[in-house]
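Enquirer: Make a model of the complete structure from these sequences and hints.
Residue-level listing of the chains:
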Amino acid sequence: MKDAVNPGLTDPITVAVIGSALRATVNEMGEALRRSSHSPIIREMLDYSCAVFTAKGDIVSQDEFLPALLGAMAFAMPVLLKENPVETIRPGDMFIGNDPYRGGTHTPDIHIFAPVFVGGKLVAWSANLAHHADVGGTNPGTEGFANRSIFEEGIRFPYVKVFEEGRAVDQVFRYIENNVRDPQSNLGDLRAQIAAAKLGVQRLDGLFAKYGVATMQAAMEERIDQDERKMRALIAQRPDGEATASGFLDNDGLGGDPVEIRVKVTVRGDNVTVDFTGTAPQMAGGMNCSRTAASSAVIFAVKAAFGVGTGQTAGCVRPITIILPEGSMVNPRFPAAVSLRHLAAQRTADTLILAFSKLYPDAISAGTFVGFSSLAVECRHPRTRQVVIMSDDLGGGFGGNSDGDGLTAVDTYLSNVGILPAEICERQYPIRIDETVLLEDTAGAGAQRGGLGIRRIYHFLDTCDVVFYTEQTDARFAPWGLAGGKSGKPALLRLERADGTVMPITKNRMLVGKGDRLVTCTGGGGGYGDPKQRDREAVREDLREGKISAAAARDVYGLV
Amino acid sequence: MRRIAIDTGGTFTDCVLYDGHEKVLAVAKVPSQPKSPDRAIANGINRLLEIAKLKPTDIDQVAHGTTIATNAVIQGRYARAGMITTQGCRDTLEIGSQIRTQPYNLRAEQKKPLIPRDLRIEVPGRLAAMGEEIEAIDEAAVRQAVKALKDKGAEAVAVAGLFSFANPAQEERVAEIVREVAPEMYVMSSAAVSPEVREYPRFATVAVNVGLAPHLDPYLSRLRGFLDAEGFTCPLLIMQSNGGVATDSRCKGDRAHHLVLSGPAGCVMGGLHLTKVAGFDNLVTVDVGGTSADIGMIVGAEARTRMEMLLSNGVPLHLRHLEIETIGAGGGSIAWVDEGGALQVGPQSAGADPGPACFGLTGTEPTLTDAHVVLGRLNQDRILGGELKVHLDLARKAVGALGEKLGLSVEEAALGIVRVADANMAGAIRSVAARNGDDLREFALVAAGGAGALNAVDLARDLGMKAVVVPMRPGLFSAIGVLDARIRHDLVQSVLMFADKPDMALIGRAHETLAEKARAMLAADGAPAKGVEISHQLDLRYLGQEYAVTVTVTPGEAMAEVLKRFHELHDRTYGHSAPGEATEIVAVRAVGYGQLGAVHWPDRTVFGDGRPQTTRQVWFAEAGGYVTAPVYQRAALSPSQTIRGPAIIEQLDTTTVMPPACTARLDSKDNIIITLEALA
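Respectively, the protein sequence lines represent chains A and B. Heads up: the first sequence at position 405 corresponds to 405 in the numbering used here, and the numbers run straight through without jumps. Heads up: the second sequence at position 151 corresponds to 151 in the numbering used here, and the numbers run straight through without jumps.
The set of hints was computed from the structure by calculation and includes no laboratory data. Every value quoted in this text rests on a predicted model; they were computed, and no experiment measured them. All the pointers check out, no bait thrown in.
Covered stretches of chain B, as calculated for chain A (at least 3 residues, CB under 8 Å):
1) 79-89
2) 99-112
3) 187-199
4) 409-418
5) 422-431
In silico lysine to any residue, SDA-like type, Cα no more than 20 Å apart, as pairs:
6) Lys-152/B <-> Arg-544/A
7) Lys-152/B <-> Ala-182/B
8) Lys-150/B <-> Glu-541/A
Cβ pair distances, simulated, as ranges:
9) Glu-325/B <-> Pro-504/A: 43 to 53 Å
10) Ser-640/B <-> Ala-209/A: 33 to 43 Å
11) Asp-500/B <-> Leu-511/A: 28 to 38 Å
12) Ala-209/A <-> Glu-325/B: 18 to 28 Å
13) Glu-442/B <-> Gln-386/A: 35 to 45 Å
14) Pro-258/A <-> Gly-153/B: 47 to 57 Å
15) Lys-210/A <-> Gly-407/B: 18 to 28 Å
16) Gln-633/B <-> Pro-91/A: 45 to 55 Å
17) Arg-611/B <-> Pro-91/A: 47 to 57 Å
From the three backbone atoms N, C-alpha and C, an ideal C-beta is built for every residue, glycine too.
Expert: Pasting the structure below:
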């Protein structure tokens, strides 16, 4: 860490102005990517991220609406640079990659990296990542809890050129087209990613022309250093301490026993160490966290726990030491399956929040819903009869905190994607949404209660091949209460067949038919503080609004 | 035709009386009265008549831009309303998009929904995806629901159901029953305010409408009542968010939420007026006030509009509106150093109270205005025609303290504040342009509001723009926009068909029906048939895309031609297109315009000798330090004159800063046109 700005090249004003321009650049790329993408997963659920890198591969600006992708592209960069010596990279090139064993998160997250050149010298990178609805493999939507290895998880790109000196490499596009279920969607999204990366290159060209290479590069380094200093200052404000916590997945995706994530956090001065020693070995199923995905979860939890506002650069990561035992579920060995890493990543974040809550209970929140109840459906478009992939995931309750109730019905922690509008779903897929409602008594009680979970009923109107999955159905692992607050309700899924049979669902793949219904209930957040201390008017309001039952008002909150 | 325009701002209400023949008869600036804006308007109108020695019956039209809806939305002042929904969507309004606005905040505050849950009641009834009825409305349940809402004190009811945009019959029936059971309650259905796909934005739009109408309707009635009582017989026109005006009676009820941008719209429409008199077709309007800046876009001599608006509380509003981006960068924006040592400006603002340090009120934090004072860009003694005393020493003290933290001199810190604020504003303008694929090099910048002209040239240079326009009367600019706006009605019919197999008969009928409806509305508004213009549009998209592109069409035009333009427009807007792919038509639109009299701004006839009044030391980055800059009074400029930067041009309501390497001249309408030159 440098203490001061290199005086010859940059001053704090130039750094601030260039920093603002780099932020504007990633925002501009994001606007271009989102608006022109084809699949709802990007457009509606905002499952993408744009970034600018220094020449040596450090993030200097990244948009931040999806924490799961925090810093994610940074792990890919060293691999890209190693596999593609810099002398083989030319202006107008663009690389594609998605391999979780090459710094990727999971195969559906496709990276695009475009180098920026000034006078024949590589000076920066424009990059983005977008979640594609399907990249082939065993399951529609690619993700699969029961996958046994990465070979079930669709096409994998090492970092290959998708553009060569400004010309599209057609073979790559044809290869994708022939290996996925809904090629129109992939190619459309890829075009949007490429356009956004090009826009980033143009903007960076302009900035380098305006400020010169030396000033730009010095300013980029200083922006990264500023974020490191900011992060360290916030960590140092809190007392030193050490805490451990355990969190559990319901099972390994194949019906096995609960799987433990064990973590020890150590806060010393302006450093944080997060050690996963003792965490369960890698799982046989598809829910392992790639090293990249686990690291993003850690970066999120630390930033959130220490109240770091906006701004993601390589500097935010420097004060954090992350110990991920090799061969564990948070850093599996090739070729473990990782497509459904999100469930384990959410639980990883929650376990870290639990550890931090032991150190700073009044600065954190109670446990939050991390079940991520989802489905991916291969079906036929009701009007065109073309094969299409539908996917949706449902939020639940956030934990309460010392100042207020947790948020109701939101996507949580690492994830921040939208719910699929019923009217979009029913027009594009043969699935009717019978209801989407808030669920009474799901929120953990407390002086400040958790947020509520929801129930959505999917009513199938045609034969569909469906992958359902959820975590946190086990009441022992429901969102935990804090400081005397109660835990929230866990998730609950069931399939009600047209013939009247009912089957509970945790993680299943099956064919469903006309008239079958999937009932998905998500969990509520944990409560903070003693429910008997809750403001009486707030209890009456919850009762009036049907957010708690009369029994809960009386028995849990003690309303007379 | 004698016409009055009134633009209500945060501090002042600007009033103009115009004779329709290149003559401004009277101008009045009266203090705004946020609690009862209609009183300020009454004062303003009376003042105008007094100055012009006219009677109310001499006036042919009153047009008004209001911030009453804008403020209600910002402050969350909504009427107590209930909502009746069809089966399964009672909580759509509260669940929303499930997206958090602060993803890194574990302690984010839960916002109250627009309508509380106990006032949202579900009744049996359901439509399928194309509008087919699956389950009929249970009318008895509706009656019960209305009674329950009445008992709970609701003064308005929103009606909302899935797929009502495809078939409004169920919603209409529910609304009918509400009117029957509770004729005193205000009722509105979702398809009536936003007949478009996606339930949450549509439900939210109707919820905002029923929250606003019970407050806005009486305001408009009071205003009309005042005019009637004074003896005015002319129409009252209100500025809408789409940049067009509509009669007061049309702005009540179903259009209440159309007034959310009524205030800021005036500036953009002022920009549109400039396209006619200043010779620029592409403009970015920047209206810089005390706490924020509003950015608008004019492209090809048309104000840019869009459909999705996000209110400050994260609630979406679905309606055609001017694309106006508001950012927290105004004269009062506070400069600070964050934990990492990075300089930040805003979004916190010192506002009018405590105000910038240099005003000598109670403010001590360094603001953007203080930075301009330190650098000599703003008058270091008095502004606002001498009404406001400026304390240079207090500005230097505040900015100096910030400089110390950064290891910079007072001037360097001041320059830094200005540059960071410029960079933030430039970033916002770039994002707005990126959203639509605009190339800013083809645009000129309009500097409006009290603080717009202080940094306009720097901003334009940063964005690669070639020219800046400081309009004839920056302080009256929004009022002129209101005066010049046409009547506008946006009509839409949702459809769903493949573009390669279009139902041309259906589209033709839809164009015709919408056009007839628009013409009838304009005739009823009193718009002469001669000035009526109907623009026809189709919304198209690639199959699987949700966001559509609106393409202007001629009714009966071959679909192949329309598709060609769609691919072109898609490519221009999004940077790619796919002419081979399947496309869908999702909406038929019509926009009806009526002309009640355009503004022909008078040529400037009174000039001065063009000599600077004085000089002062102004710090310019390009010069690397203080430069002795001539200070001109705008009123004293001469018609043939060109002014080279560095220079300052002052007038009552704004200060124009001209850094080196730019040239200003006056056009015949008294606009200052500044041309940027390449820096050496």
